Amino acid sequence: MDRRMFLKGAGAIAIGLPLLEYHHGKAWGRDGTPAKRLIVTFEHGGTISPASRGGTKDNGLGEHHGWDDWGPADPGESLVLGPIHTPLESVREYCLLLRGIDNMACTKKAPYGGDHGYANVTALTAADVFVVDKDQSSLGPSIDHVVAQRLAERNPVAFKELHLMVPGHQYGTPLYSAAKSEVSSETDPVAVFKALFTGFTPTGMPDPELTRIRNNKKSVLDGVMSGLGILRKKVGKNDLAIIDAHTEHLRELEKRIELLAAQPTCTLPTGFEGRKVGESLRADVRGNLLVDLILAAMRCGLTNVATLQIADIITSWLPTPYGPVAFDIGHSLHHLAREVGPKGPEAANAAKWREEMQINRRWRMTLLQRLAEGLKNTPEGAGNMLDNSLILHTSEFSDGSVHSSADIPMLLIGKAGNYFRTGRHLNYNDKAVADPKTLAYSTTASTHNVFTSVLQAFGYDDTHFGNDAATVKGPLPRLV
Amino acid sequence: MGVACVGHIGGSDPDPNGGAEGTREPGSAPLDAAPARLHHLTARQYVNTVRDLLDVKDASPVLVDDEGDVPSMLLAEKLTAAAEYLVALKAHKKFVPCPVDGAGSDECAKQYIDTFATRAFRRPLTDEETSWLLTVYLTAKKTNTFAQSIDELTLVILQAPQLFYIAEEGLAESSLPGGLRRLSGYERASRLSYLLWDSMPDAELMSAAKSGALDTKEGVAAQAKRMLSDDRARVTLRRFVVDEWLGLAGTRTHVGIEDMVKDPAVFPVDSPTLRAGMRAEIEHLVDKVVADGGSIKQLFTSTDAYVNAPLAKVYGVTAPSGSAWVKLDTAQRAGILTRASFLAVYSNPTVKSPIRRGAQLVKHLLCLEIGDPPPTVNPTPVTHEPGKSQTIRQNVEAKTSEPVCAGCHNIVNPAGFAFEHYDGIGAWEQVEAGSLPIDWTGELRGTDVKGTFNGAIEMSQKLAESRTLKDCLVSRWFRKVFARSPAPTEAASVLEVQTNFAKSDDLKEMVLGLVQSPAFLYVRGAE
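These protein sequences, in sequence, are chains A and B.
Numbering-wise (our numbering), the first sequence opens with residue 1 and increments by one.
Numbering-wise (our numbering), the second sequence opens with residue 1 and increments by one.
No lab work stands behind these hints: they were computed from the structure.
As the structure is a prediction and not an experimental result, all values here were calculated from the model.
Some hints could be false.
[As the list claims (entries may be wrong)] When the alpha-carbon atoms are kept at most 25 Å apart in a straight line, the in silico DSS-like pairs for lysine-lysine are as follows:
{"no.": "1", "chain 1": "B", "residue 1": "K503", "chain 2": "B", "residue 2": "K462"}
{"no.": "2", "chain 1": "A", "residue 1": "K218", "chain 2": "B", "residue 2": "K90"}
{"no.": "3", "chain 1": "A", "residue 1": "K343", "chain 2": "B", "residue 2": "K399"}
{"no.": "4", "chain 1": "B", "residue 1": "K141", "chain 2": "A", "residue 2": "K255"}
{"no.": "5", "chain 1": "B", "residue 1": "K462", "chain 2": "A", "residue 2": "K218"}
{"no.": "6", "chain 1": "B", "residue 1": "K93", "chain 2": "B", "residue 2": "K110"}
{"no.": "7", "chain 1": "A", "residue 1": "K217", "chain 2": "B", "residue 2": "K480"}
{"no.": "8", "chain 1": "A", "residue 1": "K234", "chain 2": "B", "residue 2": "K210"}
{"no.": "9", "chain 1": "B", "residue 1": "K110", "chain 2": "A", "residue 2": "K218"}
{"no.": "10", "chain 1": "A", "residue 1": "K217", "chain 2": "B", "residue 2": "K93"}
{"no.": "11", "chain 1": "B", "residue 1": "K90", "chain 2": "A", "residue 2": "K276"}
{"no.": "12", "chain 1": "A", "residue 1": "K218", "chain 2": "B", "residue 2": "K210"}
{"no.": "13", "chain 1": "A", "residue 1": "K352", "chain 2": "B", "residue 2": "K388"}
{"no.": "14", "chain 1": "B", "residue 1": "K210", "chain 2": "A", "residue 2": "K217"}
[What the hints assert, rightly or not] Now the stretches of chain B that chain A is said to cover, found in silico as 3 or more residues with beta-carbon under 8 Å:
{"no.": "15", "segment": "66-72"}
{"no.": "16", "segment": "140-149"}
{"no.": "17", "segment": "301-311"}
{"no.": "18", "segment": "424-431"}
{"no.": "19", "segment": "465-478"}
We treat Cβ as the ideally placed atom computed from N, Cα and C, and that holds for glycine.
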């Protein structure tokens, strides 16, 4: 049998142990390098930050608050987690909190220095922007896609990339597979479960019917691709990208069938029993299930790269000190950052606003906690999966209330193969060198540099990622 | 923020001289159109198409609508999974002209390709396409039974790009201006069908395409009239007016009827039943208007309301048993803008919002270019301030009086103030905050129906006669039809439809006008 599943009873030893199923031959890439994994988590709407569009911090004496709750509790290099990051204490030694990073593809090139459209499409691409009918689109791929494509060469997996999302209010995807090629994300955990694990049979014997179905699937895909070839001759050159992308996706599906045929043991995640596609789920339940699917897929060697977007939602199931019915979308709540300063119209509600925002943003961190702990608790080689993985967490904004893409949230968790020196806080605000608490801001660090560092961490020798908006090219210094 | 608020009618950008290469025919726009552009069915269109194709009304394949034009991996995966789901239903077997579970024959498979794939692709197959599908079948047949081979062939057809994409080429004709091509009858059939029914053409439409009846715009109009009488067209028009024009399904900037947030302490009448009633009412009203003749005047002045018990309470009328039509107070209600769904969606959780109501009216129903709010806008809902005797209107005026705000709010506010007698759930309030007198006078600035009005009833009567509103409706309809703004080569078509629609009071005339315009009937070569 080419694919097997440990079921309860049949694989009692496996139950309770976070077994790294693909250990047999898949912990190492085709070129002999250790398997590495990238998970990009993206929180829509920014965080509690006093960063203006230029990055200068608001002093908190006027209408805008001056809280830097995304920041660490101590400005030193040894990371002391701040109020939003407290759920990450168990993986603190794996965290690298990077401050003073701008998304310069947005801050330098967008009208007014940024807006929802520009900020979103550049956040993970650092690319130039194409505008049509007032809608923005990226002219380059996002970092997750570039890494996924390359890792798949080194370590072929059935799912080059998993794109998942806790749905709700947001202003567009930050994920791109190529120029003007927006990536859609699956929001239904049960649909993901079925896509990942359908066909894992409980027997250990070859199943001729499965083999026939698999072979038929490949020939069906061949048939559809032939149809695409016929259609391709009819379309204009501006539409070739549509046909070519569709064809490429089908080729990937064909490869998936081959790779799944050789899939070794896999322990399925729990929590999906009895659930149906399209089931209504509260956001926290959905978020946890999506995280568990990423963990299971990585433990099973089904993917090297995953993304998880978290929409800008009101966490209504948690305490809402500002008021359970004050807002319908998270971005409106965030906009009050401009009003809760001591001279702002909402000054009287400042403490409530801060508490509700912290509760909301900390919930997002609990998803990272679940993810990072899940990797950390999975043995791999002499260490654990988090040693060989990287979680890159960011957002399109620092302060969503002023649509600032300066000093954006940038948190790395994991060592990416003992590449990054973690457990640290690094501030790239030049003004903070002399005075760590300064409100002044100046930086040469951009997401371009962070993403270049990610590529180098995964073993590639790129010296630049993205467009020409970065002040300096190359990787971010001091990370390794 | 310097936002131009000049009251320009957006979206149409009409060029009265038409395209440079256009040849004006008596009574029609110069012949010109946009370049052909490949696009694929929406998730809804795919589901409707396969339901009609397989004659399985309750089939529910799951697709996703991407944000962009280039298909995502997720879409490709779901399309494949949808085909597998549909074949597993075995509904395709009834279209095979021989016993599927028998030995079958290659000739039977050929006939199946000729009939089933022709319907799926919405046109006769080319020789190359027939050969392709036959090869799929013959390849499968080498290792599978006849039934399994038919399944495999059907799997290919149900996710074939020839089904999923709409690729138009048009036909060259010497009488046409250079570069312009007449869409074939089959291409026109697909345009009509996906526009009016969100699904594939039916047998009669395909027959009209085959006979050449769709080669003339009169023939297109005849089919469009037939299709408009079908319930599916009513759904399309309802969805266009309710969800898209009024925006009651929600967008990226606001939530819809089902998701709006209301404070139960302020609005104890709110409940899922009330919201279901709100949606049913606005949809029934649009349906009734269309069924009664499509009158714009009726749309903006009717006092007919289909209500359930909680909605009757909001309107202050006797609650029916179940749901029923009632007449609303003519002093309080007139048409779609005075209904609870519109008024509640464009309110805040605790209070009414003249800004949100006014912005939706002037931006989306009148197409006035007022730009988006600056990123630094204060989103705090304007409410009654404790201890102060000021109305929402007075607080809004105070908050938006600064020059940086006033440019746009001088247009938005006077429109939104028309609704001041309706609270945040859409109920009539005679006074505000217990005792404050309400001023609902206003003005529709930047439109053809200038001058002040006294409240939403008078304003709705003005809107019912407004050319600005009708022009905007055409622009929005055009955008729905083509999923984009008009190209410069389509400006004359838009202007022609607007001009003709201005003489009519029938919503359906707008539909018929656009499907007879050069923008709909012709195409330029793909670029």
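Results for each hint:
With a CA separation close to 16 Å, the supplied pair K503/B and K462/B stays within the 25 Å bound. For the hint linking K218/A to K90/B, the alpha-carbon distance of about 20 Å falls within 25 Å, and the restraint holds. Taken as a hint, the K343/A and K399/B pair is honoured in the structure, with Cα atoms around 16 Å apart against an allowance of 25 Å. For the hint pairing K141/B with K255/A, the CA-to-CA distance comes to about 23 Å; that is within 25 Å, so the pair holds.
Restraint check for K462/B and K218/A: not satisfied, since their Cα atoms lie roughly 62 Å apart, outside the 25 Å limit. Straight-line distance between C-alpha atoms of K93/B and K110/B comes to about 14 Å, which keeps the hinted pair within the 25 Å bound. The straight-line distance between the Cα atoms of K217/A and K480/B is roughly 36 Å, outside the 25 Å bound, and the hint therefore fails. At most 25 Å may separate the alpha-carbon atoms for a hinted pair to count; K234/A and K210/B meet this at roughly 21 Å.
For the hint linking K110/B to K218/A, the alpha-carbon distance of about 22 Å falls within 25 Å, and the restraint holds. Only pairs whose Cα atoms come within 25 Å are accepted, and K217/A paired with K93/B is accepted, the gap being roughly 19 Å. Only pairs whose Cα atoms come within 25 Å are accepted, and K90/B paired with K276/A is accepted, the gap being roughly 22 Å. Among the hinted pairs, K218/A with K210/B is inconsistent with the structure: their alpha-carbon atoms are about 36 Å apart, more than 25 Å.
Annotation: proposed proximity of K352/A to K388/B holds, straight-line Cα distance about 23 Å (limit 25 Å). Under the criterion of a C-alpha separation no larger than 25 Å, the hint pairing K210/B with K217/A is inconsistent with the structure, at around 35 Å. For the segment 66-72 of chain B, the stated coverage by chain A holds: 7 residues have a C-beta nearer than 8 Å to a C-beta of that chain, and at least 3 were required. Counting residues of the segment 140-149 of chain B whose CB lies closer than 8 Å to any CB of chain A gives 4, which reaches the minimum of 3, so the coverage claim holds.
Beta-carbon proximity to chain A at under 8 Å applies to 0 residues in the segment 301-311 of chain B; the threshold of 3 is not reached and the given coverage is violated. Check result for the segment 424-431 of chain B against chain A: violated, 0 residues qualifying (beta carbon to beta carbon below 8 Å, three or more required). Coverage of the segment 465-478 of chain B by chain A is violated. Counting CB-CB distances below 8 Å, 0 residues qualify, and the rule asks for three or more.
Violated hints, listed in ascending order, are 5, 7, 12, 14, 17, 18 and 19; each of the other numbered hints is respected by the structure.
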